[in-house]
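Chemist: Following the hints, position chain B against chain A.
Number of protein chains: 2
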Amino acid sequence: MDLRVMAEVVNVKEYMAELGRNARKASRAIAAASTGVKNKALLAIADALDNNRITLVAENQKDLAAAKANGLEPAMVDRLAVKPATIDAMIEGLRQVAALPDPCGAITDMSYRPTGIQVGKMRVPLGVVGIIYESRPNVTIDAASLCLKSGNAAILRGGSESINSNRAIAACLAEGLKVAGLPNTVVQIIETTDRAAVGELIAMPEFVDVIVPRGGKGLIERISKDAKVPVIKHLDGICHVFIDSKADLDKAFDIALNAKTHRYGVCNAMETLLVDEQVAAQILPRLAAAYAEKGVELRGDEKTRALIQANEATEEDWATEYLAPVLSIKVVSGLDEAIDHITRYSSQHTDAIVTEDFTRARRFITEVDSSSVMVNASTRFADGFEYGLGAEIGISTDKIHARGPVGLEGLTSQKWVVFGDGHVRV
Amino acid sequence: MDLRVMAEVVNVKEYMAELGRNARKASRAIAAASTGVKNKALLAIADALDNNRITLVAENQKDLAAAKANGLEPAMVDRLAVKPATIDAMIEGLRQVAALPDPCGAITDMSYRPTGIQVGKMRVPLGVVGIIYESRPNVTIDAASLCLKSGNAAILRGGSESINSNRAIAACLAEGLKVAGLPNTVVQIIETTDRAAVGELIAMPEFVDVIVPRGGKGLIERISKDAKVPVIKHLDGICHVFIDSKADLDKAFDIALNAKTHRYGVCNAMETLLVDEQVAAQILPRLAAAYAEKGVELRGDEKTRALIQANEATEEDWATEYLAPVLSIKVVSGLDEAIDHITRYSSQHTDAIVTEDFTRARRFITEVDSSSVMVNASTRFADGFEYGLGAEIGISTDKIHARGPVGLEGLTSQKWVVFGDGHVRV
Numbered sequence: 001m002d003l004r005v006m007a008e009v010v011n012v013k014e015y016m017a018e019l020g021r022n023a024r025k026a027s028r029a030i031a032a033a034s035t036g037v038k039n040k041a042l043l044a045i046a047d048a049l050d051n052n053r054i055t056l057v058a059e060n061q062k063d064l065a066a067a068k069a070n071g072l073e074p075a076m077v078d079r080l081a082v083k084p085a086t087i088d089a090m091i092e093g094l095r096q097v098a099a100l101p102d103p104c105g106a107i108t109d110m111s112y113r114p115t116g117i118q119v120g121k122m123r124v125p126l127g128v129v130g131i132i133y134e135s136r137p138n139v140t141i142d143a144a145s146l147c148l149k150s151g152n153a154a155i156l157r158g159g160s161e162s163i164n165s166n167r168a169i170a171a172c173l174a175e176g177l178k179v180a181g182l183p184n185t186v187v188q189i190i191e192t193t194d195r196a197a198v199g200e201l202i203a204m205p206e207f208v209d210v211i212v213p214r215g216g217k218g219l220i221e222r223i224s225k226d227a228k229v230p231v232i233k234h235l236d237g238i239c240h241v242f243i244d245s246k247a248d249l250d251k252a253f254d255i256a257l258n259a260k261t262h263r264y265g266v267c268n269a270m271e272t273l274l275v276d277e278q279v280a281a282q283i284l285p286r287l288a289a290a291y292a293e294k295g296v297e298l299r300g301d302e303k304t305r306a307l308i309q310a311n312e313a314t315e316e317d318w319a320t321e322y323l324a325p326v327l328s329i330k331v332v333s334g335l336d337e338a339i340d341h342i343t344r345y346s347s348q349h350t351d352a353i354v355t356e357d358f359t360r361a362r363r364f365i366t367e368v369d370s371s372s373v374m375v376n377a378s379t380r381f382a383d384g385f386e387y388g389l390g391a392e393i394g395i396s397t398d399k400i401h402a403r404g405p406v407g408l409e410g411l412t413s414q415k416w417v418v419f420g421d422g423h424v425r426v
Numbered sequence: 001m002d003l004r005v006m007a008e009v010v011n012v013k014e015y016m017a018e019l020g021r022n023a024r025k026a027s028r029a030i031a032a033a034s035t036g037v038k039n040k041a042l043l044a045i046a047d048a049l050d051n052n053r054i055t056l057v058a059e060n061q062k063d064l065a066a067a068k069a070n071g072l073e074p075a076m077v078d079r080l081a082v083k084p085a086t087i088d089a090m091i092e093g094l095r096q097v098a099a100l101p102d103p104c105g106a107i108t109d110m111s112y113r114p115t116g117i118q119v120g121k122m123r124v125p126l127g128v129v130g131i132i133y134e135s136r137p138n139v140t141i142d143a144a145s146l147c148l149k150s151g152n153a154a155i156l157r158g159g160s161e162s163i164n165s166n167r168a169i170a171a172c173l174a175e176g177l178k179v180a181g182l183p184n185t186v187v188q189i190i191e192t193t194d195r196a197a198v199g200e201l202i203a204m205p206e207f208v209d210v211i212v213p214r215g216g217k218g219l220i221e222r223i224s225k226d227a228k229v230p231v232i233k234h235l236d237g238i239c240h241v242f243i244d245s246k247a248d249l250d251k252a253f254d255i256a257l258n259a260k261t262h263r264y265g266v267c268n269a270m271e272t273l274l275v276d277e278q279v280a281a282q283i284l285p286r287l288a289a290a291y292a293e294k295g296v297e298l299r300g301d302e303k304t305r306a307l308i309q310a311n312e313a314t315e316e317d318w319a320t321e322y323l324a325p326v327l328s329i330k331v332v333s334g335l336d337e338a339i340d341h342i343t344r345y346s347s348q349h350t351d352a353i354v355t356e357d358f359t360r361a362r363r364f365i366t367e368v369d370s371s372s373v374m375v376n377a378s379t380r381f382a383d384g385f386e387y388g389l390g391a392e393i394g395i396s397t398d399k400i401h402a403r404g405p406v407g408l409e410g411l412t413s414q415k416w417v418v419f420g421d422g423h424v425r426v
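Taken in order, these protein sequences are the chains called A and B.
Residue numbers for the first sequence follow our numbering, beginning at 1 and rising by one.
Residue numbers for the second sequence follow our numbering, beginning at 1 and rising by one.
If we strip away everything but chain A, and leave its shape as in the complex, we get:
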């Protein structure tokens, strides 16, 4: 679709319904496609990206120029850039997804029932996935490849500031799909930058089976509120590390330092450190020195501030995802108080205990109701690649359908398969 056609997108509702109908129809084709055909498409898309590097960069330049002219923040402009290394990463991502096992069609738990019927479950695509994301154009390839491999049709809505880049990427997608003999409507990008298109996308249950928003909390909250379609959503990542009195303090030191300082702007970074009062005096000064060296601002409760230099932590601090070199610290009386604090303030993303005590470790993993619970490991491991999913479409902080890092399996469902030999109910 070129700019001339775009100008004709006057009726957003009709335009989106058309994409929806296309996607629903294409979902049958991609669901029926063999693993080999899907992989062929993925590799052909990679080739198309490789063969169109000059166009991709040139189209991205248009977006970058517009972004600068519109006074977009430098960090946003940086996220928008498609560099040769960005294209390399997209190509590598496609090849990795092609190499992953196909989740679809796997039949499990097949067993005979006393009536003689044989019952099992078959993994199947969800149908049509709508993905809404912000400026980074490489998400277009990421999202498209995961949907394609999991047998779903996709409707992608990138940021309006990356429309030219996304259109160039979409051309490569179409080329690759064609090589594999698949309809180009298996992956469609929304060509209008009209914001009403998002409103339509999330309110067409007849055409769209699930929405995956990728972006800031504001975006995700808005979409969840208005969606008439299930949403795989990721809200806050307020992660805790609890250093138990029976912790190996060297492990505790490594984990507490890594969980906070390995990267700051990520959802699986620790935001609050809980320390058992029996070991606080031993571990906190050592940690405080290390954090100071990294430039991490500390905010502590009264007991913490009696041991190390820290600003006062307010009620708000316990409920804040800093995404920055800031850490709140609380000294607790033991496991019970730690679990109570986590239950109250955790965003149910990832929480960890450091302990050598078997019973306390078991209690922590049982009683802490978060999508990832860890013993003696850094919260930074909460990630689809680290968990071996091979790829990640997002991290769900919901409990329904998919929880924690969501890979290909999260974009599928299971249906029941029943085999008989003329069996009837008596």
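There could be a bad hint or two in this list.
No copy is singled out in the list; a pair is fine if it fits within one copy or between any two copies.
Below are the EDC-like pairs computed for lysine to aspartate or glutamate, each with C-alpha atoms no more than 16 Å apart in a straight line [unchecked claim]:
1. Lys25 <-> Asp340
2. Lys62 <-> Glu392
3. Lys217 <-> Glu200
4. Lys228 <-> Glu200
5. Lys25 <-> Asp109
Bear in mind the hints are in silico, worked out from the structure with no lab data behind them.
Modeler: Same frame as chain A, now just chain B:
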């Protein structure tokens, strides 16, 4: 809560928020309860029912009297009745659920990652389940027992016409929970018959994790439309049986007869029969005679009516769940037309093929996108008990979270469990 207290339920919003807070708190207690404690509660509830038979029947008499006075249809009054056999069935149901394996805490797929961390998944309760149902009071025990065993707190909203029966059953639930040392707020019934209570229940995501409506399509559509909480919903059951040209016609006869006439008012009954034109002349007259004997009204397309006596099937017939001794019949040119028809009209509940052809059977189970797909078996098998789930909270026609018959597992989620030895991300 007695009638006096009920009269005080003037502020439904506050009353429901109170139930919600209680449930959220109780969900921690029940999630932490051992399998033994949960089973003890289930068996103690069974004992309480057994010990309170006279009260149960007496309270039910009040509901029956009111129902008759209000001119409720006899079928509805019948569903409302708590007879000695109803109590026996409730007791037996509780014992069966106690005997089922506990889904919670099961850790699966535990494996080492190259980094050295060990990653797996643990099955956990959803938290708080809200169940909305119509007149049958035994659903109160059904629903409560499944929620309890799966480690969830429950808020139950039965029909206003069964309020006295439900209150008597709730007293037995409270007694059983007490015996097991569990808070009685693990299962709460909504004591007000104010319809606004349902509106509140489905709009408290902070207190309720999932809603399971059990009842007519109207109820489920209303709830799905307004819910701010995920809904495990079951809409139509427009089920198909396709008799392929390579079918064993004796099996086809048995299955087509059973799927339609075993029971009429159930969601897994066949509503449309599709027959390959190559075998239609052989099988349809034989089937028509059998249906006539059972008093089933036939509605057919032109080709069908050329072979057997039937009324004319309209476009509306293909899209109708009769739940009655009515069957629409269509003669098709082969598997492709059958799959096309099913794709267009099926409610994605259950569809079956009768064939001896291996390739067509494989195509049917792969390409038909329904929650149950069957080969050479009656659609009537689509049922939690028949599938070996041990119990069934409902049949989901959604694809997200739970699909098809939903047992204990459908009331749970999985969290990630990570074990390390001081591991950090590098």
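Chemist: Does each hint fit the structure? Answer for all of them.
Modeler: Evaluation of the provided hints:
1. Lys25 <-> Asp340: For Lys25 and Asp340, the Cα distance is within 16 Å only across copies (12 Å; inside one copy 50 Å).
2. Lys62 <-> Glu392: neither (29 Å within a copy, 57 Å between copies)
3. Lys217 <-> Glu200: neither (20 Å within a copy, 25 Å between copies)
4. Lys228 <-> Glu200: Answer is within; shortest intra-copy Cα gap is 10 Å, inter-copy 19 Å.
5. Lys25 <-> Asp109: neither (30 Å within a copy, 35 Å between copies)
Consistency note: the structure conflicts with the earlier hints numbered 2, 3 and 5.
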